[in-house]
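Let chain A serve as the given structure and place chain B on it in line with the hints.
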Amino acid sequence: MRDRLAGVIPIGLAPAVLGVVAVVAGSLVLARGESDKHQDITVWTFSNTHYDTFMQTVPGFRHNADSDDIPVIDLQLVHYRVLDRRLRSTMWAGMDVPDLVEVNFNRAGTFFRGPVDKVGFIDLMPYLQRTDATGLTYLDRVLPSRLAAYTDRGRVFGLPHDVHPYVIAYRRDIFEAEGIDPDSIETWDDFIEVGRRLTIPDQRYMLQLDDTGVLSFEALLLQRGGGFFDSQGALTIDNETAVQTMLWFVPLVAGDQRISDNPAAQGQAFYKAIGDGYIVCFLCPDWLTKKIEMNLPQLAGKLALMPLPAVSPGGRRTTVRSGTMLGITADTPDPELAWELATYLYFDPAQVGPRFRQTNTLPANRDAWDDPVFREPRAYWSGQRIGELYIRLADQAPTQYSSPFQEQAAAKVGQAIAGACAYYRQHGDAGFETYVRDSLRDQAKAVRNQIQRNPF
Amino acid sequence: MWYRIQSRYAPYLFIAPFLLLFALFWAYPLVQSLRLSLYATSGPESQVYIGLDNFRFLLSDPDFHLAVWNTLIYALFVVVVQLPLSLGLAVLLNRPGLKLRNVFRFVFFSPHLMGTVFASVLFGLIFAPRFGVFNRVLHLLVGLPMNTRWLGDADLVMPAIIILSLWLNVGFYMIYLLAALQGVRPDLYEAARVDGAGSWTRFLHVTLPGIWPVLLFVLVISTIGAFRVFELPWLLLQSTTGPDQSGLFIVTYLYQNGFEAADLGYASAIGWLLTAGVMLLTLVQLRIGGLGRGGES
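Protein sequences, first through last, are from chains A and B.
For the first sequence, position 132 matches number 131 in numbering that gives the first Met the number 0, and the numbering has no gaps at all.
For the second sequence, position 206 matches number 205 in numbering that gives the first Met the number 0, and the numbering has no gaps at all.
In isolation and in its complexed conformation, chain A is listed as follows (with noise of 0.2 Å):
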């Protein structure tokens, strides 16, 4: 039998067989990726609040118009670690492309870069400038700070999602039982102050600051009006604000006088560490407390909110750092049904409310603000209006520029931290200022020759 078919097949039975399976399977994968096809749009997020929320919502988008005219959204969870990077294969590959995504700030720079109409989002000036039921356009409603985070050589490529302004969380437990008003804090001086009070080394610190990266330093660098780039895209690592509050933030993260540990700047060691206050207060952006009520359910009621210290009497109580923009990306068919449900999700009056109540997280629209939802208080803090104080912190908020060489900017100043940590440690305040300097001009031409190696 073997051998008769092998007489009837030219090309011999094994190869025969092979090819017939490798038909057979190609069929199956092709029948299997069209099936998979059979989607309108498609929205990609890393996190996972805002997920849940979407959730909920996007079947009410183009509730009361005909069957025929209701999109399927494909809406996906992509780990925040990877969605940079798969977004960034599809639009090489020109496949599977997202039509709507949301990108975290600290990535998205990178997708600027190259020539301005390679790149991968589509201008959203056009459409911002459109006006809405209210009568206002988009641009009015947005806060502009936020919008600058997304914008590159005049372009805007992403629809900030958020303002997220810094306060500090502490341990009310903790004050009350130590006598200390928090009221009665108003500049870091004060803060410092209570701060060598509460500190027991090895057991107690008064704050938790990231000496390791820069998290904590880059928002307190923009509280003081600073930042990595400036609205030029310029690189202002080295600049006399940088290094005053390197010399300034170091010793409150080094040396005997400390009043800051980091047993981690995240993840489940951070929230032990104020479970079990190792750390009485941290910087604390709006979507952090709800990862705190999250991680933190035994400490319902034990945690309140102060706006952060000001530098000087009367200075800015607040700060920013990173947050998330939505992007219509250029491969989207259909950029009019991708920037209809983007005004749905971000800026739907009906939205507002679920979407605090699930995230914490302030809008970027201001005209979203009047909510009743940001005066509810909340037991978990306290009784505190959260909504309320975030949002009378909004307006302070410094811009944060993004650039193409964001990341490379912030490994160098993480570097130039790790190194004045270790000098301070070891040699105190001889030399610091000089060392801190010379560090940070070293770091920055390090940037700065990789910024003039890009011909785009």
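It is worth saying that the hints were derived from the structure and are not from the lab.
A portion of the hints provided could be inaccurate.
What the hints assert, rightly or not - Only pairs whose alpha carbons sit at most 20 Å apart, straight line, appear in this in silico DMTMM-like list of lysine to aspartate or glutamate:
| # | chain 1 | residue 1 | chain 2 | residue 2 |
| --- | --- | --- | --- | --- |
| 1 | A | 444 | A | 406 |
| 2 | A | 271 | A | 172 |
| 3 | A | 444 | B | 52 |
| 4 | A | 290 | A | 275 |
| 5 | A | 301 | A | 172 |
| 6 | A | 117 | B | 259 |
| 7 | A | 289 | A | 370 |
| 8 | A | 444 | B | 62 |
| 9 | A | 271 | A | 201 |
| 10 | A | 271 | A | 292 |
| 11 | A | 289 | A | 375 |
| 12 | A | 117 | B | 44 |
Same frame as chain A, but now just chain B:
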């Protein structure tokens, strides 16, 4: 007629799928990456020819220097510590009369079954300050402070990475060496014993020459593996290069440039320098290893 055609062309048909895949996924990317290394890029679409500038910049790039230094330190420890440990374990497990040999073999090999990703995530917690298991044990044994930050102190990051690497790989390479040890002829040991050779002499003059080809193989692949290290530190340090870039390795730097900064040209240049370096090192190892074997025999 058909038979003639079949016998003449069938071999080509058989190797055609391999050749096709080889050309598509190996040869073409290789040529393409060599071409890319001569371009400044922003993704695959935006490319500007810059000749050898990527290589010139690379040689003066302090981050690349740091990445090479860190990789060399890591590779050196892998060779100097990992290989003797693997060999030591293999020798212990090869002792005649050892009970529960298979159990020990499985115990030492099992970390490798866990995989780098899971192990890195797990060790992120084990190395945690204040309540991590590692600090607890060392605190009890030698009084190490509980808040020692293995992943937050630039001086401790490399030891932490090496510890995890040893935990993962010592048992894996032990299996190779154990198999080699079991292939050494027992009559050689007998003859050496009759000649009055002690255990150390027997190890030097019987065991080592007997397992030398496998030892050389393990040395070469573990060195190549050390130069390619990426996912272990990247995941252990939560997709960062750690404090003061103490966890920056060559492939990490390649990855950052290629897939985070979208500069495929620069990443290709890094890749080619790495390839050249690893090839050179491997040739040196094989040369020295070959000479050593010749001397022994």
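Exercise for review: Given the hint that residue 271(A) pairs with residue 292(A), test it: the Cα-Cα distance must not exceed 20 Å.
Suggested key: Given that 20 Å is the threshold and the Cα spacing comes to 13 Å, the pair holds.
Take a quick look at whether residue 290(A) and residue 275(A) sit within 20 Å of each other, Cα to Cα. Holds, at roughly 17 Å.
With the threshold set at 20 Å, check whether the alpha-carbon distance from residue 117(A) to residue 259(B) stays at or below it. Status holds; Cα separation ~17 Å.
Requested in this report: Decide if the proposed pair is consistent with the structure: residue 271(A) and residue 201(A), CA atoms, cutoff 20 Å inclusive.
Outcome: The given pair, whose Cα atoms are some 15 Å apart, holds under the 20 Å limit.
Does the alpha-carbon distance linking residue 289(A) and residue 375(A) stay inside the 20 Å limit?
-> It holds: about 15 Å lies between the C-alpha atoms, which stays within 20 Å.
Q. Under the criterion that the straight-line Cα-Cα distance not exceed 20 Å, is the pair residue 444(A), residue 62(B) satisfied?
A. holds, 12 Å
For the pair supplied as a hint, residue 444(A) and residue 406(A), confirm whether the alpha-carbon distance does not exceed 20 Å.
The given pair, whose Cα atoms are some 15 Å apart, holds under the 20 Å limit.
- Message: Against the 20 Å threshold, does the CA-CA distance of residue 271(A) and residue 172(A) hold or violate the hint?
- Response: holds, 16 Å
Checking one constraint from the list: CA of residue 117(A) to CA of residue 44(B), max 20 Å. Satisfied? Distance ~8 Å between residue 117(A) and residue 44(B) Cα, so the pair holds.
Does residue 172(A) lie within 20 Å of residue 301(A) when you go C-alpha to C-alpha?
OK: residue 301(A) and residue 172(A) at ~5 Å, within 20 Å.
| task | Quickly compare the C-alpha distance for residue 289(A) and residue 370(A) to 20 Å and report which way the hint goes. | result | This hinted pair holds, its Cα atoms lying about 19 Å apart.
* Asked: Is the hinted pair residue 444(A) and residue 52(B) satisfied, with a Cα-Cα distance of at most 20 Å?
  -> This hinted pair holds, its Cα atoms lying about 18 Å apart.
Checked against the numbered hints given earlier, this structure breaks none of them.
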